[in-house]
Amino acid sequence: MILTRLALALLCVQLAACAVQTKPSTSRLPAVPTPADARAVSPAFANSTASLLIDEVWKRPGLSPRDRSLVTVAVLIARGQTVEMDYHFDLVLKNGVKPVELSEAINHLAFYTGWGNATATVLIAQEVFARHHISADQLAPVSPVLLQIDKAVEADRVVKVDEAVGTTSPGLVHYTTVALFNDLWLRPGLAPRDRSLITVSALVANGQVGQVGFHLNRAMDNGLTQPQASEMLTQLAFYAGWPNVFSAVPVFKSVFASRAG
Amino acid sequence: MILTRLALALLCVQLAACAVQTKPSTSRLPAVPTPADARAVSPAFANSTASLLIDEVWKRPGLSPRDRSLVTVAVLIARGQTVEMDYHFDLVLKNGVKPVELSEAINHLAFYTGWGNATATVLIAQEVFARHHISADQLAPVSPVLLQIDKAVEADRVVKVDEAVGTTSPGLVHYTTVALFNDLWLRPGLAPRDRSLITVSALVANGQVGQVGFHLNRAMDNGLTQPQASEMLTQLAFYAGWPNVFSAVPVFKSVFASRAG
Amino acid sequence: MILTRLALALLCVQLAACAVQTKPSTSRLPAVPTPADARAVSPAFANSTASLLIDEVWKRPGLSPRDRSLVTVAVLIARGQTVEMDYHFDLVLKNGVKPVELSEAINHLAFYTGWGNATATVLIAQEVFARHHISADQLAPVSPVLLQIDKAVEADRVVKVDEAVGTTSPGLVHYTTVALFNDLWLRPGLAPRDRSLITVSALVANGQVGQVGFHLNRAMDNGLTQPQASEMLTQLAFYAGWPNVFSAVPVFKSVFASRAG
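Protein chains in written order, with this note's numbering: chain A, 1 to 261; chain B, 1001 to 1261; chain C, 2001 to 2261.
If you are wondering where the hints come from, they were derived from the structure by calculation, not from laboratory data. Just so you know, even glycine gets a beta-carbon here, dropped at the ideal spot from N, CA and C. The reader is advised that the hints may include incorrect statements.
Distance windows between CB atoms, simulated [stated by the list, open to error]: (1) C:2160 with A:166: 36 to 46 Å; (2) A:65 with C:2054: 43 to 53 Å; (3) C:2162 with A:56: 19 to 29 Å.
Below, a list of computed lysine to aspartate or glutamate pairs in the EDC-like style, where the Cα atoms sit at most 16 Å apart [said to hold, decoys possible]: (4) B:1253 with A:90; (5) A:98 with A:137; (6) B:1151 with B:1221; (7) B:1253 with A:183; (8) C:2253 with B:1163; (9) B:1098 with B:1137; (10) C:2253 with B:1162; (11) C:2151 with C:2183; (12) B:1151 with B:1127; (13) C:2098 with C:2137; (14) A:151 with A:127; (15) A:253 with C:2162; (16) A:253 with C:2221; (17) C:2151 with C:2056; (18) A:151 with A:221.
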């Protein structure tokens, strides 16, 4: 009898352990397909992923793997594509993006893609951060010392937003200044050039062509080169789909032309 | 032996209970991140959510919490943002939206955002409704007595849709009349002004600028005031992202101007 | 004691079996709501789904159930609507789409809607394929013998893409030729007409109006009739939402007019 009780106790312990293993706190996160899963659905797609995309496009010289990862992560967040996030949050860190930069990118894209888009990253990013043993002091802080604002550029922006929005939505004018241009863009954890990179990527990913001109110009003012912007479109074609990129091309073309003139 | 059998039987009962607890019928719904989860990914984002968004923007006087909740829920449904739905379906009810109104809103947005968008709300709304002890007679009924149609407005709409669509898609013309304007919009469970509020929100949330003019005019005909429409843009900036709102501003501006003239 | 051990062993077996049943490898896929679930949230929506959509729209004569299913599946993939995928991947096969065609459609839409959109289908399609006992030789192969290219059409396309894109993004020009028009569109597993059908559907579903003209013309060159294209808009109204269809109507109208002239 004693032995039986012991066996039962052991079984209970095993069951508890088992429960922990098979139902981790993350079990409700989207399941991540493996290459074998992709092959079981479309060998053609699995093959393109491996040989065309990973082995070729990601290795093209025009844009660094770090930039490609930032572009890709921005697309996924902009479109709420949670299934791919675990893989690409991991890859963006491996490609040299610092934890604080990814943490800032998520905060940045809350404003540029919608609050729910940032919220949808939280549990997945949390798991990836845990796997990388990232500590709290490596994350986007609440109140960092801000970068210096360029007063001339900002004065010009204020005039233009007042003209474009003004009394149509005073609240929008207010938060565009206090939350975005006098705060978000000045946070030092992610360089302005990288903020521009993910902003433009998010715009293209959601077909928001009308806002690309302002932000591509700003990106290039912030240091994005024309060859890099040009190669962004190649990366975006695969992750945001061809049509979104073809719709953005005329704006890229015209920004390139206006800056060359 | 008898005692052992008893122990085994007890264990079985415990296991069954355990299974019920750890694998509820809802365990496959998207996991909902807590503020602590958000802090573990981006303290900056968690702080903006709490102090900028919840404590400030939601309390601005220009738009009631009830309207802000309707706007927000419309954004989430329009974009299929399931992670945020549990929180905001709960909040919309707490902010005074009646169960029948939320139930009608889901049905309304099936037509205005796509069938799959409504389907994606079902299991989450079901769980929220259960928590609020909402009964079947509080939901959008199959065949209510419809509101009276405004015959002059409807005659005008029919002419315009015939001109715009006509033979390009007779099926579209047909269902626009019988399913939308002679039925959906006349269902009494959600006021026309609120149907317009969520329709315009959904359009802005998905960048469907071309359809905003008609529906914003209709919203204002249905009782949405200009200050409310203006403040909608502030709420939408946070939930649909700045770029979508900046793209919609010119249409809001021109509708405001045309109605002021 | 021996009996007790046997009982324990049996219990272990049962537990293992139970684990397999209650936590299958697919338990992290999105839960699929039943009609009863929909009724518990909105009887109006559940009723429209059953009597208006399934019993009426799907049975309209202008477009076959097979085509309606392809249109619908394209919408779901284009928008990442995973909740509806299990139902419609199953239905598309029942409506006569061959496994290789669905497998090709997923690969095709990776390019036309974004890589992550195809990835998001993988685990769900895998489960549906398993239920239908579909074997590896029924899937989109890596390197099939390609269809013959129409050299005149292709030469014209190359000129136009060079004019439109050219130096703005040489990478985009390159992959548009080698990955899309000299490969993807020539894969025999899905007819060019059906590739066009899902491409146009995906464009309308995501509001990518600017690209509809080229692809609708191509669809009609590939054999899509005007009545079919017209009725596509009816199907799309329900699955992509009314606003996306109203935005696409002027392009359809103008393509129909230009081909009638």
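Numbers of unmet hints, in rising order: 4, 7, 12, 14, 16, 17
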